[in-house]
Amino acid sequence: MQELLDIVNEMREEAGKSTIEKLEPSMDLRDDLELDSLMLAELTVRLEDEFDIDIFEDGIIQTIGDILIKINGK
Amino acid sequence: MKWIIVTGDSRGVGREIAYQILNETDFGVIGISRTSEESADELLVKYPDRFRALSYDLANVEGVKQLYRDKIHKIGPIYGLVNNSAMAYDDIISNLNIDELETMFQVNVFSAMHLSKYAIRDMILHKTQGSIVHISSISAHTGYKGLSMYAATKGAMEAFSKNTAREWGSKGIRSNCVVPGFMETSISSTLTDEQKKRIYQRTSLKKETGIASVASTVLFLLSDKAKSITGTVVHVDNGTI
Numbered sequence: 442m443q444e445l446l447d448i449v450n451e452m453r454e455e456a457g458k459s460t461i462e463k464l465e466p467s468m469d470l471r472d473d474l475e476l477d478s479l480m481l482a483e484l485t486v487r488l489e490d491e492f493d494i495d496i497f498e499d500g501i502i503q504t505i506g507d508i509l510i511k512i513n514g515k
Numbered sequence: 043m044k045w046i047i048v049t050g051d052s053r054g055v056g057r058e059i060a061y062q063i064l065n066e067t068d069f070g071v072i073g074i075s076r077t078s079e080e081s082a083d084e085l086l087v088k089y090p091d092r093f094r095a096l097s098y099d100l101a102n103v104e105g106v107k108q109l110y111r112d113k114i115h116k117i118g119p120i121y122g123l124v125n126n127s128a129m130a131y132d133d134i135i136s137n138l139n140i141d142e143l144e145t146m147f148q149v150n151v152f153s154a155m156h157l158s159k160y161a162i163r164d165m166i167l168h169k170t171q172g173s174i175v176h177i178s179s180i181s182a183h184t185g186y187k188g189l190s191m192y193a194a195t196k197g198a199m200e201a202f203s204k205n206t207a208r209e210w211g212s213k214g215i216r217s218n219c220v221v222p223g224f225m226e227t228s229i230s231s232t233l234t235d236e237q238k239k240r241i242y243q244r245t246s247l248k249k250e251t252g253i254a255s256v257a258s259t260v261l262f263l264l265s266d267k268a269k270s271i272t273g274t275v276v277h278v279d280n281g282t283i
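Residue numbers (the working numbering), protein chains in the order written: chain D, 442 to 515; chain R, 43 to 283.
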């Protein structure tokens with residue numbers, strides 16, 4: 442979870458947005474974390490590099506919880 | 043060291059592009075071609091640290107992901123991609139054979155798009171402001187009997203390139219096409235001398251396009267000298283009209 446938070450915050454800072462204290466599984470990637478399609482692409486490749494899984498490869502990912510299920514269930 | 047992928051590097055323009063990159067820049071070259079010919083061996087001897095030759099048939103689109111994950115990714119960060127590999131299925135439209143057409147689209151379009159996908163993902167991961175160059179063809183701009191289907195693959199890549207430029211420009215990733223006229227390469231080897239003469243007569247300079255001139259234009263578009271150039275096509279075609 443900490444690695445995920447670091448990546449999200451780094452991208453948010455680069456986009457001129459404030460950092461986030463804590464991630465919750467219910468947080469929506471687009472609505473709550475304000476990640477656009479290019480930021481989601483960066484998140485995908487960084488998670489793939491870290492955890493060796495392509496989170497968007499098969500199915501829709503909406504929330505932090507969806508990502509955790511993918512990472513933990515691989 | 044960062045790397046530039048060059049497909050179809052074993053002969054013709056691809057070989058010249060690989061050679062010029064190795065000779066004139068500090069980048070490494072990852073060559074992808076079906077056959078490892080003598081040219082690849084020569085480059086391996088001359089540039090053992092900066093040249094890698096991967097044997098792969100780009101008609102196998104599904105395998106491109108594994109090619110990237112198992113081999114390309116492990117070599118090093120990608121700075122550039124030159125989509126040069128192509129097959130030419132030429133015939134008049136009334137003879138269209140769907141199997142031949144599908145194979146041509148797999149090599150010329152689908153694999154080229156797939157390689158672009160993984161090159162861009164690699165550039166995002168390493169925050170590389172990279173450059174993609176697709177080798178198009180004059181046939182996409184000027185009609186020739188028998189080349190409609192081949193030209194369609196090149197037209198597809200030109201449209202793909204322009205939209206790639208728009209989509210990834212904010213990350214500093216550029217995408218351009220080079221449009222060569224007819225060259226003396228294996229892809230035009232099925233033409234008769236008479237056909238070639240007629241084609242060359244349609245150019246301002248009245249001869250075949252120089253392979254070295256095409257390769258040096260690719261090198262320019264890859265380089266920082268072209269850092270303000272994206273989403274465009276550069277004709278290297280002896281002034282085909």
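You may find that some hints are simply not true.
[What the hints assert, rightly or not] Calculated cross-link-like contacts (lysine-lysine; reagent style DSSO-like; alpha-carbon spacing at most 30 Å):
1) R:Lys204 <-> D:Lys511
2) R:Lys187 <-> R:Lys44
3) R:Lys169 <-> R:Lys187
4) R:Lys88 <-> R:Lys44
5) R:Lys248 <-> D:Lys458
6) R:Lys113 <-> R:Lys159
7) R:Lys113 <-> R:Lys248
8) R:Lys204 <-> R:Lys187
9) D:Lys511 <-> R:Lys267
10) D:Lys511 <-> R:Lys107
11) D:Lys463 <-> R:Lys169
12) R:Lys169 <-> R:Lys249
13) R:Lys116 <-> D:Lys511
14) R:Lys187 <-> R:Lys238
15) R:Lys204 <-> R:Lys169
16) R:Lys238 <-> R:Lys267
17) D:Lys463 <-> R:Lys88
18) R:Lys116 <-> R:Lys159
19) R:Lys249 <-> R:Lys44
20) R:Lys249 <-> R:Lys107
21) R:Lys169 <-> R:Lys238
22) R:Lys159 <-> R:Lys248
23) R:Lys116 <-> R:Lys187
24) R:Lys249 <-> R:Lys267
25) R:Lys248 <-> R:Lys238
26) R:Lys267 <-> R:Lys159
27) D:Lys458 <-> R:Lys169
28) D:Lys458 <-> R:Lys187
29) R:Lys238 <-> R:Lys116
30) D:Lys511 <-> R:Lys169
31) D:Lys511 <-> R:Lys113
32) D:Lys458 <-> R:Lys116
33) R:Lys107 <-> R:Lys187
[As the list claims (entries may be wrong)] On the chain D side, residues computed to face chain R include the following (Cβ under 8 Å):
34) Glu451
35) Arg453
36) Ala456
37) Leu479
38) Met480
39) Asp490
Simulated from the structure, these hints should not be mistaken for laboratory data.
In this text, a Cβ means the ideal position worked out from N, Cα and C, and glycines have one as well.
With 8 Å as the cut and Cβ atoms as the points, is Arg453 of chain D at the interface with chain R?
Where the cut-off is 8 Å and the nearest Cβ of chain R is about 16 Å from Arg453 of chain D, the hint is violated.
Can the restraint linking Lys116 of chain R and Lys187 of chain R be considered satisfied, given a maximum Cα separation of 30 Å?
violated (44 Å)
Starting from Lys249 of chain R, check that the Cα of Lys107 of chain R is at most 30 Å away, please.
Between Lys249 of chain R and Lys107 of chain R the Cα gap is close to 40 Å, so the pair fails against 30 Å, i.e. violated.
Lys458 of chain D paired with Lys169 of chain R [C-alpha distance capped at 30 Å]
Distance of about 19 Å is within 30 Å: holds.
Please work out if Lys511 of chain D and Lys107 of chain R have their alpha carbons no farther apart than 30 Å.
This hinted pair holds, its Cα atoms lying about 19 Å apart.
For the pair we were handed, Lys169 of chain R and Lys238 of chain R, check the Cα-Cα distance against 30 Å.
Between Lys169 of chain R and Lys238 of chain R the Cα gap is close to 45 Å, so the pair fails against 30 Å, i.e. violated.
Lys169 of chain R and Lys249 of chain R: Cα distance at most 30 Å?
violated (43 Å)
Straight-line Cα separation of Lys458 of chain D and Lys187 of chain R no greater than 30 Å?
violated (56 Å)
When the nearest CB of chain R is found for Asp490 of chain D, is that gap smaller than 8 Å?
OK, holds: Asp490 of chain D within 8 Å of chain R, min 6 Å.
With the threshold set at 30 Å, check whether the alpha-carbon distance from Lys249 of chain R to Lys267 of chain R stays at or below it.
Given pair Lys249 of chain R, Lys267 of chain R holds - Cα atoms ~29 Å apart, limit 30 Å.
Proposed proximity, Lys44 of chain R with Lys88 of chain R (alpha carbon, max 30 Å):
It holds: about 18 Å lies between the C-alpha atoms, which stays within 30 Å.
Under 8 Å, Cβ to Cβ, is where Ala456 of chain D needs to be relative to chain R, so tell me if that hint holds or is violated.
Cβ of Ala456 of chain D sits 11 Å from chain R, so the hint is violated.
In terms of the numbered hints stated before, the structure departs from hints 1, 2, 3, 5, 7, 9, 12, 16, 17, 19, 20, 21, 22, 23, 28, 29, 32, 33, 34, 35, 36 and 38, listed from lowest to highest.
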